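Trainee: Okay, here's what each chain looks like letter by letter:
There are 2 protein chains.
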Amino acid sequence: MIAKRLRQSLDQSICIRDIFEEGKKLAAIYGKENIFNFTIGNPSVEPPAIVNASMKEILDTEEALSLHGYTANVGYPEVRACIADYLNRKYDCHYDENGIIMTSGAAAAIVVICHTLLDYGDEVVTFAPYFWEYKSYVESVYGKLVPALCNMETLQPDPGTFEAALSERTRFVLINTPNNPTGAVYTEESLRMVTDILRRKQEEYGHPIYLVSDEPYRKLAYDMEVPYLTHFYENTIVVYSYSKALSIPGERIGYIAMEPEVQDMEDLFAGMTASMRYLGYVNAPSLQQRMLLKCVDASVDTRIYKETRDILYQGLQEIGYTCIHPDGAFYLFMKALEEDDSRFCETAKKERILMAPGTAFYGPGWVRISYCVPADTARKSLPAFQRLYDRYQK
Amino acid sequence: MIAKRLRQSLDQSICIRDIFEEGKKLAAIYGKENIFNFTIGNPSVEPPAIVNASMKEILDTEEALSLHGYTANVGYPEVRACIADYLNRKYDCHYDENGIIMTSGAAAAIVVICHTLLDYGDEVVTFAPYFWEYKSYVESVYGKLVPALCNMETLQPDPGTFEAALSERTRFVLINTPNNPTGAVYTEESLRMVTDILRRKQEEYGHPIYLVSDEPYRKLAYDMEVPYLTHFYENTIVVYSYSKALSIPGERIGYIAMEPEVQDMEDLFAGMTASMRYLGYVNAPSLQQRMLLKCVDASVDTRIYKETRDILYQGLQEIGYTCIHPDGAFYLFMKALEEDDSRFCETAKKERILMAPGTAFYGPGWVRISYCVPADTARKSLPAFQRLYDRYQK
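As you go down the protein sequences, you meet chains H and F in turn.
Heads up: the first sequence begins at 1 in my numbering, then just goes up one per residue.
Heads up: the second sequence begins at 1 in my numbering, then just goes up one per residue.
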């Protein structure tokens, strides 16, 4: 008796859910320590100590009724001002509190934006491979997600597929860099190409096409700065989550950020404010909002992720696998050793390696390795990867 | 450039938002203490001390990475089991953890249910007067809210309007007792009438019609127990929020509860689990979930609300106003002294009394008085209500 459209979507996503179930099953048989589970995207690095310390200080010093009370739908003004200040200092932007909306994480922010911008059948373009839930977010309000496949050798946006994906009904382009599932950081060159096309298309269609930058992994970039997208395109809406930077994904806290130049900014702000209510969010969790006043520039120790990445990337390259060097997030995209990436993942299970097939991310022929695992697990997995490789050399 | 359907809805709701803006404006002119603002539904009673104490204990004793990590989309199994146990003890039910889904409050829960049950154009019936956001929740996924006006003398459900509101496309009935905006607690007699009709209609249409009971005010009932709806109807889905019982509306924590008898229960559970992701909720805030392990049976001191209710109810009756005795929540519904309730609210502002017009809740001819204000404010407002009454006696 559930909705037909949901039933359809559930049936399609069974293969993805199966990956997680399989992990649990294998761990139960062989013991968790004997399984190389690279399917899970859970942060594995401790939250910075200031996170808990701040929460306790707030609980000790602030008046409980007001601390836990409703905030404005868009969040506490002082928290929004604090984030605007931080972004302005860090990325040379000019946000103010009237352009910041506190949300229950980045996923919530994207759904709020979909609800605000999309009428029935309106389109959102995203670069594939992409995080699989994007499709569900867009479809939750009867929009349509149109993928633009990246160049599958470089995992960078491709001008041909991108331009072909745009249409009169494109309301926004959803971009995710550092990328889940590929770990790619889109280069300045890629961003210039994307935004040049967008500017041209805005003119052609006579209405804004927003660029929504979903960047929960911004702080997880190694040996490089991730270009800040407002510097490339005026109509950029930034979506951020503290899930990865502070290792607090269960607490659900993030924001939407718009500079004053964003077209129809006041309308968007009013629409997003209403969408916070209409979708049942009401406001982002209040204690977590206040925590940010003290933790806005804190970060987990990203060297730990980097170490694991280096072990895996070097190890896999040495064995003979084709990987794109992942500059950010905690994902490594690797070419499957046969065309059918799902079958390749099945074969890998025989070596007790669990990976997500690229097809699940609209990235066929590849697999995603989530390396938010202890460095030691990564190290120990290499002989198993070697045996998997050998299976294909017969 | 925001979605057309959102634009339409924003334009319609301007009158409601104006109430809140007006309150701020008047407070700025005359001073907050000289305004009798009865428009706001914010809890005004301190959270029980155990709420903060529990959070601090959890922060001190639990491992931070796991504490703040993703939980299952439906929440921690032990928290769900704890809530099932509590409900079974308290209301003589037979929930188990597989029927409990932790949500970011009751609003989130309702949207999750809408997303799970409604295809385009499917209908939800609710008893009017109703909490105004219901319409937006249902429309966020392109459903249609059909109001069934209560008997406006008793504020209890009316069999005639209810039966007329049901159709082949009714997927669920949304019931809210104790009620916002009326403060009415629906009687056992009313519930039997409603569920008898529902059973008959289920049979006639050959598919389940769920009864979704939105009960954030369950613990705010005075001198009475609010009947528990599963005892009246098998296909009942209970939606709860701790916002009012613990005075923590900003933290966004609540649940959906289904007994094993609910038809297609496993499907519903799977659908709601997916909807938690598809709508961007992912999981209810993790620290707040764990807090409930220690606070599941805590409650604010409801005597404070009751005292204020008694002052207002008696005072207004003595002046000559017509009010229905409010048995729960912190709302009092009062008949306007003229047909046009919005104009009546305008006149009341001349006495510095702010109330919400019943029309905003689909309850024309009445006004809502939110009495989550200090008892002293209620007491001091009575001479102003007297002057307002006198204006209409000329």
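Think of the hints as simulated: they come from the structure by calculation, not from any bench.
Computed from a predicted structure; not experimentally measured.
Please note that a few of the clues may not be correct.
If chains are identical, the list can't say which one is meant, so a pair holds when it fits in one copy or spans any two.
Stated by the list, open to error - In silico lysine-lysine, DSS-like type, Cα no more than 25 Å apart, as pairs:
hint: 1; residue 1: K394; residue 2: K349
hint: 2; residue 1: K4; residue 2: K201
hint: 3; residue 1: K380; residue 2: K4
hint: 4; residue 1: K4; residue 2: K335
hint: 5; residue 1: K90; residue 2: K56
hint: 6; residue 1: K4; residue 2: K32
hint: 7; residue 1: K144; residue 2: K90
hint: 8; residue 1: K25; residue 2: K219
hint: 9; residue 1: K294; residue 2: K25
hint: 10; residue 1: K349; residue 2: K4
hint: 11; residue 1: K56; residue 2: K380
hint: 12; residue 1: K294; residue 2: K56
hint: 13; residue 1: K219; residue 2: K294
hint: 14; residue 1: K394; residue 2: K4
Trainee: Does each hint hold? Answer for all of them.
Mentor: The hints, checked one at a time:
1. K394 to K349: within (19 Å within a copy, 86 Å between copies)
2. K4 to K201: Close across copies (21 Å), not inside one copy (35 Å); limit 25 Å.
3. K380 to K4: Neither: 45 Å inside a chain and 55 Å across chains, both beyond 25 Å.
4. K4 to K335: neither (36 Å within a copy, 44 Å between copies)
5. K90 to K56: Cα proximity of K90 and K56: none, with 27 Å in one copy and 32 Å across.
6. K4 to K32: neither (38 Å within a copy, 51 Å between copies)
7. K144 to K90: Neither, since 35 Å and 46 Å both go past 25 Å.
8. K25 to K219: This pair counts as neither: shortest intra-copy Cα distance 33 Å, inter-copy 42 Å.
9. K294 to K25: neither (41 Å within a copy, 32 Å between copies)
10. K349 to K4: neither (34 Å within a copy, 49 Å between copies)
11. K56 to K380: Close neither inside one copy (39 Å) nor across copies (38 Å); limit 25 Å.
12. K294 to K56: both (12 Å within a copy, 17 Å between copies)
13. K219 to K294: Answer is within: at 17 Å inside a copy they meet the 25 Å cutoff, but 35 Å across does not.
14. K394 to K4: Neither. Shortest intra-copy (47 Å) and inter-copy (60 Å) distances fail the 25 Å Cα cut-off.
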